[in-house]
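Protein sequence lines, in the order shown, are assigned to chains W and D.
With the working numbering applied, the first sequence corresponds to residues 1 to 300, in that order.
With the working numbering applied, the second sequence corresponds to residues 1 to 299, in that order.
Please keep in mind that the hints were generated in silico from the structure rather than gathered at the bench.
The beta-carbon is built from N, C-alpha and C at its ideal position, and this holds for glycine as well.
Heads up, a few of these hints could be off.
Heads up, simulated DMTMM-like pairs for lysine to aspartate or glutamate below, C-alpha to C-alpha not over 25 Å straight-line [claimed, not checked]: (1) W:Lys32 - D:Glu166; (2) D:Lys154 - D:Glu289; (3) W:Lys32 - W:Asp188; (4) W:Lys32 - W:Asp121; (5) W:Lys32 - D:Asp3; (6) D:Lys154 - D:Glu166; (7) W:Lys161 - W:Asp256; (8) W:Lys84 - W:Asp188; (9) W:Lys84 - D:Glu289; (10) D:Lys257 - D:Asp85; (11) W:Lys84 - D:Asp177; (12) D:Lys180 - D:Asp85; (13) W:Lys84 - D:Glu166; (14) W:Lys161 - W:Glu174; (15) D:Lys154 - D:Asp131.
Here chain W is said to cover these stretches of chain D; the calculated rule only asks that three of the stretch's residues, wherever they fall, bring their Cβ under 8 Å from a Cβ of chain W [stated by the list, open to error]: (16) 59 to 70; (17) 218 to 227; (18) 277 to 291.
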Amino acid sequence: MSIAQVLVDSLLRAAELGLVALGLTIVYSLVKFANIAHVEFATVGAFIALVFAGSSTPSIAIAGAASAVIVGLLAIVLHRTFFKRLLRSGSAIPMIGSLALAIVMRALVQLSMGTRPSSFDRPLERAIEIGGAFITPLQLWLIAITLVTIAGFMIVLYRTKLGRTLRAVAANPELAAASGINVNLSIDLAWFFGAGFAALGGVLLALNTQASIQLGSTLLLPVFAVVILGGIGSPVGALLAAILIAFAENMILQVDWGSLVGDSSFYMPLSYDVAIGFVVLILTLLIRPQGLFGTAARDA
Amino acid sequence: MLDFLLYVGIVASIYGIAAISLNLQAGVGGLLNFGQVAFFGLGAYGVGIASHRGLPLWMGVVGGIVAAALAGAAVGRLGRTLLADYWAIATLALAELLRLVFLNEEWLARGADGIGSIPGLWGAVSGTWRDVAILATVVSILVVVYLVAERLTKVQFGRVARLMREQPNLAAALGYDIVKVKVRVMMVGAAIAATGGALLTTYISFIGPGQLLPVDTFLVWAIIVVGGMGNHLGVIVGAVVVNLIYLGTRFANDYAKLDANTAASLRLLLVGLILMAFLMFRTNGLVPERLRTVDADGG
């Protein structure tokens, strides 16, 4: 496997992980608990888009965008009816609640869509070659859409009044409320963007491969690895961590490790893929307990 | 019907053991272990591997319990560097990693095929009487586990664990080594869970990676929340209630005749909704934890 291909595949994987991880880190920074159900927003988003999408490119694009908005609104409803109440008893109860919600969401998707994976109705494309690596035009689009979405959100977060409000609530909700910021509205917005990005990530992933009931659960470990490695609540950290973990995954899976283990040829079994990110994370934290980007991850 | 009740009784007792284990970790110690299935699985695989290699089963049981306790110690130590929320996710990740190892490493325990025809308890007895004997055995072990857990919760071990749950900084300030407390709670919890796993494997004579899925961790969580976190007796009540619902709907499907996937989804949906409802409206469960107002003059 050429190193160029590893780089291209890593970039694609980073785009898949990046949007979902960015969504998780947004919600985590305002609503302080680890939402295990977050990745199920990706599954639900992919299937909602599948229901609405036709076979033309514009119809798929509209279905994807609509799906992100619907899932974003759904997350606001879930927060107001469910998580808000649970958050009164600390961060442990909402986390258990998110585990229950993840099971419920997966069961509902399975009941309405069945267990068989399904794909968007798109023609097969020929891959183009860039510097010895192969990539399809669709995959280039997926990377571009991810980059534009993330860049857009960064501009909102760091260059607008709305972004300043969100960051103020993340840093100190009491102080933000005291200075006249509508904290509840900010939290609603965080859920809307957070879940919407997860849904969009799910749609892009389903476009590249297929929508299946396991779409979200296979993302759970890599996405949490990215968010923790990048430092909770740090969108920039999450993006860098997504690139790092995507690269680690592709290196470990695609490189022939035969010479290291004294064999003629040795490849890591593919089904270890979901765990690689987390092993990288745990090894990093053993060496650098505060995570890559310095924020304190230490609280015995 | 009698066979079904015996079946529910046996499975509920085994899940009761796994739930008391999680209750010691999460209910008493406040440690959110989302990888409980891993400890259960180590006990189960201990018996499976012993049976596969032709070793005596007791060696498998002991091996599984020791392996689980060591894994518990390792996971407890991770708490040194990880924030509580991260730690919870790490437990989930490590449990998945263990499942992937059993799935991929064919030499270890036959990979995806799993290990079957594992000899059960009371092989000399046949028919319904055998199930009665198995039920008596697992209930006795459940009672022993319950008494041990109650005792541990009342003595210094439990007091420090509860202090760690409510006021970790105070516990540290009072000179308790939080990591050491975590390691001890996790080791004891893991060993109890492995006992439950070993019992389940001898009962259903099979172990494979499909039994290490996070769904089983979810069921154990549902049991302790429905029963009452922190109350070991409540957790046993929870094990009976949740298993009656979970297995009872399987029984009902003999009449409803839904296809297997739909029925499985409906069952999980039902238990998931019940867990959500309890978290919202009755967070302390059916039998809430009783805390003494004065907890300082010995127990």
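Hint by hint, here is what the structure shows:
For the hint pairing Lys32 of chain W with Glu166 of chain D, the CA-to-CA distance comes to about 18 Å; that is within 25 Å, so the pair holds. Restraint check for Lys154 of chain D and Glu289 of chain D: the C-alpha separation of about 12 Å stays at or below 25 Å, so the hint holds. For the hint pairing Lys32 of chain W with Asp188 of chain W, the CA-to-CA distance comes to about 14 Å; that is within 25 Å, so the pair holds. Taking the CA atoms of Lys32 of chain W and Asp121 of chain W, the gap is about 39 Å. The hint is violated against a cut of 25 Å.
A hinted pair counts as satisfied when its Cα atoms are at most 25 Å apart, and Lys32 of chain W with Asp3 of chain D does not qualify at roughly 47 Å. Our distance criterion of 25 Å between C-alpha atoms is met by Lys154 of chain D and Glu166 of chain D, whose separation comes to about 16 Å. Distance hint between Lys161 of chain W and Asp256 of chain W is unfulfilled; the C-alpha atoms sit about 50 Å from each other, more than 25 Å. With a CA separation close to 11 Å, the supplied pair Lys84 of chain W and Asp188 of chain W stays within the 25 Å bound.
Taking the CA atoms of Lys84 of chain W and Glu289 of chain D, the gap is near 24 Å; set against the 25 Å cutoff, the hint holds. Taken as a hint, the Lys257 of chain D and Asp85 of chain D pair is broken in the structure, with Cα atoms around 41 Å apart against an allowance of 25 Å. Distance restraint check for Lys84 of chain W and Asp177 of chain D: the Cα-Cα separation of roughly 34 Å exceeds the 25 Å cut-off, and the hinted pair is therefore not satisfied. This hinted pair checks out: Lys180 of chain D and Asp85 of chain D have alpha carbons roughly 19 Å apart, not beyond 25 Å.
The hinted pair formed by Lys84 of chain W and Glu166 of chain D meets the criterion: a straight-line CA distance of about 21 Å does not exceed 25 Å. A distance of roughly 18 Å separates the Cα atoms of Lys161 of chain W and Glu174 of chain W; the hinted pair therefore holds under the 25 Å criterion. Restraint check for Lys154 of chain D and Asp131 of chain D: the C-alpha separation of about 34 Å exceeds 25 Å, so the hint is violated. By the rule of at least three residues with a Cβ nearer than 8 Å to a Cβ of chain W, the coverage given for the region 59 to 70 of chain D is violated, with 0 such residues.
As drawn, the region 218 to 227 of chain D meets chain W at 4 residues by the rule of a beta-carbon pair under 8 Å; at three or more, the given contact holds. Counting residues of the region 277 to 291 of chain D whose beta carbon lies closer than 8 Å to any beta carbon of chain W gives 3, which reaches the threshold of three, so the coverage claim holds.
Of the numbered hints stated above, those contradicted by the structure are hints 4, 5, 7, 10, 11, 15 and 16, listed in ascending order.
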